[in-house]
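The residues making up each chain are set out below.
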Amino acid sequence: MNSNDISPDQGNQKFLTKLETMGVDVHACYQCGRCSAGCPITEFFDLTTMEVVRLAAYGMEEQLLHTKTIWLCAACETCATRCPNDIDIAVLMDVLRELALRKGIKPAEPRVPVFHQSFLDSIKHWGRAYEVGLIAGYKVRSGDLMGDMKLGLKMFTKGKLSLTPHSIKGKAEIKKIFSGKGKEYER
Amino acid sequence: MKLSYYPGCSLHGTALDYDLSVKDVCKMLDIELIEIPDWNCCGASSAHMTNHEIGVRLPLRNLLLAAELGHDILVPCAACFQRLKAAEKSLKEEPEFWDVDNYTEPKIVHISSLLADSEIVNKAKELIKLKLEGMHIACYYGCLSLRNPKITDVINYEQPETLETIVRSVGAQPVSWSHRTECCSGSLTMARPDIACKLVGDIVRAAKRAGADALVTDCPMCQANVESRQLDLDETDPLPVFFGTELMAAALNGQYPAKQQRVHLVSPDILTNVMKSSLADREDSV
Numbered sequence: 001m002n003s004n005d006i007s008p009d010q011g012n013q014k015f016l017t018k019l020e021t022m023g024v025d026v027h028a029c030y031q032c033g034r035c036s037a038g039c040p041i042t043e044f045f046d047l048t049t050m051e052v053v054r055l056a057a058y059g060m061e062e063q064l065l066h067t068k069t070i071w072l073c074a075a076c077e078t079c080a081t082r083c084p085n086d087i088d089i090a091v092l093m094d095v096l097r098e099l100a101l102r103k104g105i106k107p108a109e110p111r112v113p114v115f116h117q118s119f120l121d122s123i124k125h126w127g128r129a130y131e132v133g134l135i136a137g138y139k140v141r142s143g144d145l146m147g148d149m150k151l152g153l154k155m156f157t158k159g160k161l162s163l164t165p166h167s168i169k170g171k172a173e174i175k176k177i178f179s180g181k182g183k184e185y186e187r
Numbered sequence: 001m002k003l004s005y006y007p008g009c010s011l012h013g014t015a016l017d018y019d020l021s022v023k024d025v026c027k028m029l030d031i032e033l034i035e036i037p038d039w040n041c042c043g044a045s046s047a048h049m050t051n052h053e054i055g056v057r058l059p060l061r062n063l064l065l066a067a068e069l070g071h072d073i074l075v076p077c078a079a080c081f082q083r084l085k086a087a088e089k090s091l092k093e094e095p096e097f098w099d100v101d102n103y104t105e106p107k108i109v110h111i112s113s114l115l116a117d118s119e120i121v122n123k124a125k126e127l128i129k130l131k132l133e134g135m136h137i138a139c140y141y142g143c144l145s146l147r148n149p150k151i152t153d154v155i156n157y158e159q160p161e162t163l164e165t166i167v168r169s170v171g172a173q174p175v176s177w178s179h180r181t182e183c184c185s186g187s188l189t190m191a192r193p194d195i196a197c198k199l200v201g202d203i204v205r206a207a208k209r210a211g212a213d214a215l216v217t218d219c220p221m222c223q224a225n226v227e228s229r230q231l232d233l234d235e236t237d238p239l240p241v242f243f244g245t246e247l248m249a250a251a252l253n254g255q256y257p258a259k260q261q262r263v264h265l266v267s268p269d270i271l272t273n274v275m276k277s278s279l280a281d282r283e284d285s286v
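Sequence lines, in order, name chains E and C.
For the first sequence, the residue numbers in the numbering used here are 1 to 187.
For the second sequence, the residue numbers in the numbering used here are 1 to 286.
Because the hints were derived from the structure by calculation, they are not lab data.
Hints are supplied without guarantee of correctness; some may be wrong.
[Said to hold, decoys possible] For lysine-lysine, the following DSS-like pairs were computed, each having C-alpha atoms within a straight-line distance of at most 25 Å:
| hint | chain 1 | residue 1 | chain 2 | residue 2 |
| --- | --- | --- | --- | --- |
| 1 | C | 259 | E | 158 |
| 2 | C | 150 | C | 123 |
| 3 | C | 23 | E | 160 |
| 4 | E | 124 | C | 89 |
| 5 | C | 150 | E | 158 |
| 6 | C | 150 | E | 18 |
| 7 | E | 68 | E | 14 |
| 8 | C | 89 | E | 18 |
| 9 | E | 160 | C | 259 |
| 10 | C | 150 | E | 169 |
| 11 | E | 158 | E | 18 |
[Claimed, not checked] Here are some, though not all, of the chain E residues that point toward chain C, as calculated from beta-carbon distances under 10 Å:
| hint | residue |
| --- | --- |
| 12 | 25 |
| 13 | 66 |
| 14 | 74 |
| 15 | 93 |
| 16 | 171 |
| 17 | 178 |
Don't be surprised by glycine CBs; every beta carbon is placed ideally from N, CA and C.
This is chain E alone, in the form it adopts within the complex (with noise of 0.2 Å):
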């Protein structure tokens, strides 16, 4: 294949590479638009999930990690367990959120990686999650103080949220397994 605009050879190397190492095959794809059709959040998308692999399949990682689709995709997993060329569209999208949170790319919807971040602290910190923190943490940093306040305080009556977090034991086991730099980044 002659190397021209639309190729690969033209579109971020690392990346595919990265995809290659990953097991997810992203030339497969023959845009027959199933991992679309199923996508549950399809409707908040602003690039559908089989304009994703196929973007990947150019290499295109900066246009991708733009995308408010890699925030709102909600791992369901339906598109990659009905991908006819078992392309695994699931792990290519937690590529995708992994390098932007690497990059340090502004999330273009802030809202989804703070809580992720709200709730990883919360178990970097006590091995296990702290609803009640982690909640709290997520309202801090989102600015979102009042959204689901009315249930917040529901579930607090019905005994559903604790006020104090439980800790294990091994939290020096925990502490290093979120040191790590990631070493299958560094492969």
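Given chain E, work out where chain C should sit, using these hints.
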């Protein structure tokens, strides 16, 4: 039967009642549960969605702790189940990469596949004190106990039957409906409640069209999300969402305690009413 038990964070928090019903049902069925000592969070969706290595290493620690106990691992939470299975796959593919040798795979078992096993079903049928006859139920699986089948090893992931089997085993009637394995967007519910409301509305309306009085699930995120987001919708007659083990505990004990009823955000009166009329029928026939 002896099993290692991985409750996961939800069952020690918002779904504390799920933990209690799992333990209650297992006790009645002579299944001994040994909680994995010092287990940690599996990282749920947030870890694997943002950091692959943390997403594998968090559940991996639990697998290694469970391997020391040696029994199969029972997991009630769909997300925990999927993450433990994902870590198991990574470990099988590249043990050296994850710095593990001599891993003796304990089998990872999701609660519904355990309770839908024919031996367990027969045992449950013998133990039932009160059948839940006349209760029409939409069995709702959601995503993570099924997908991706490459991770979960589930065979009929588009047409699962475990929850229907459980529901039938306690005398209730599962309805045939469309949204059994659709996503409720639990992982987005805090950041984008509008999306969660839309998906939950679609799911609940589909269940109503099929004539369901209630939903039954085995996922704590689905349970919390589908009940709570209905409060934001203008729907009249919201549907309560029960856990499969909650129905089993009620049928096997012959009672549905007030303490359990109170944790629902949507009124669970349908179950109380069905049990009352089942009791009345039985007294009539005596």
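Hints and how they fare:
1. Taken as a hint, the residue 259 of chain C and residue 158 of chain E pair is honoured in the structure, with Cα atoms around 10 Å apart against an allowance of 25 Å.
2. Note on residue 150 of chain C and residue 123 of chain C: the hinted pairing is violated, with a Cα-Cα distance of about 31 Å set against a maximum of 25 Å.
3. A threshold of 25 Å between alpha carbons decides the hint, and for residue 23 of chain C with residue 160 of chain E the separation of about 18 Å falls inside it, so the pair holds.
4. A distance of roughly 24 Å separates the Cα atoms of residue 124 of chain E and residue 89 of chain C; the hinted pair therefore holds under the 25 Å criterion.
5. In summary, the hint linking residue 150 of chain C to residue 158 of chain E is not supported, as the alpha carbons are separated by about 38 Å, beyond the 25 Å threshold.
6. With a CA separation close to 20 Å, the supplied pair residue 150 of chain C and residue 18 of chain E stays within the 25 Å bound.
7. Our distance criterion of 25 Å between C-alpha atoms is met by residue 68 of chain E and residue 14 of chain E, whose separation comes to about 23 Å.
8. Proposed proximity of residue 89 of chain C and residue 18 of chain E is supported: the alpha carbons are some 19 Å apart, at most 25 Å.
9. Our distance criterion of 25 Å between C-alpha atoms is met by residue 160 of chain E and residue 259 of chain C, whose separation comes to about 12 Å.
10. A threshold of 25 Å between alpha carbons decides the hint, and for residue 150 of chain C with residue 169 of chain E the separation of about 33 Å lies outside it, so the pair is violated.
11. Under the criterion of a C-alpha separation no larger than 25 Å, the hint pairing residue 158 of chain E with residue 18 of chain E is inconsistent with the structure, at around 47 Å.
12. Hint status for residue 25 of chain E relative to chain C: violated, with the closest Cβ pair at about 14 Å, above 10 Å.
13. Using the Cβ-Cβ criterion of 10 Å, the hint placing residue 66 of chain E at the interface with chain C is not satisfied: the shortest such distance is roughly 17 Å.
14. The closest approach between the C-beta of residue 74 of chain E and any C-beta of chain C is roughly 5 Å, which is under the 10 Å cut-off, so the hint is satisfied.
15. Interface hint at residue 93 of chain E: satisfied, since its Cβ lies 8 Å from the closest Cβ of chain C, which is below the 10 Å cut-off.
16. With a least beta-carbon distance of about 9 Å to chain C, the hint placing residue 171 of chain E at the interface is held under the 10 Å criterion.
17. Nearest Cβ of chain C to the Cβ of residue 178 of chain E: about 6 Å, under the 10 Å cut. The hint holds.
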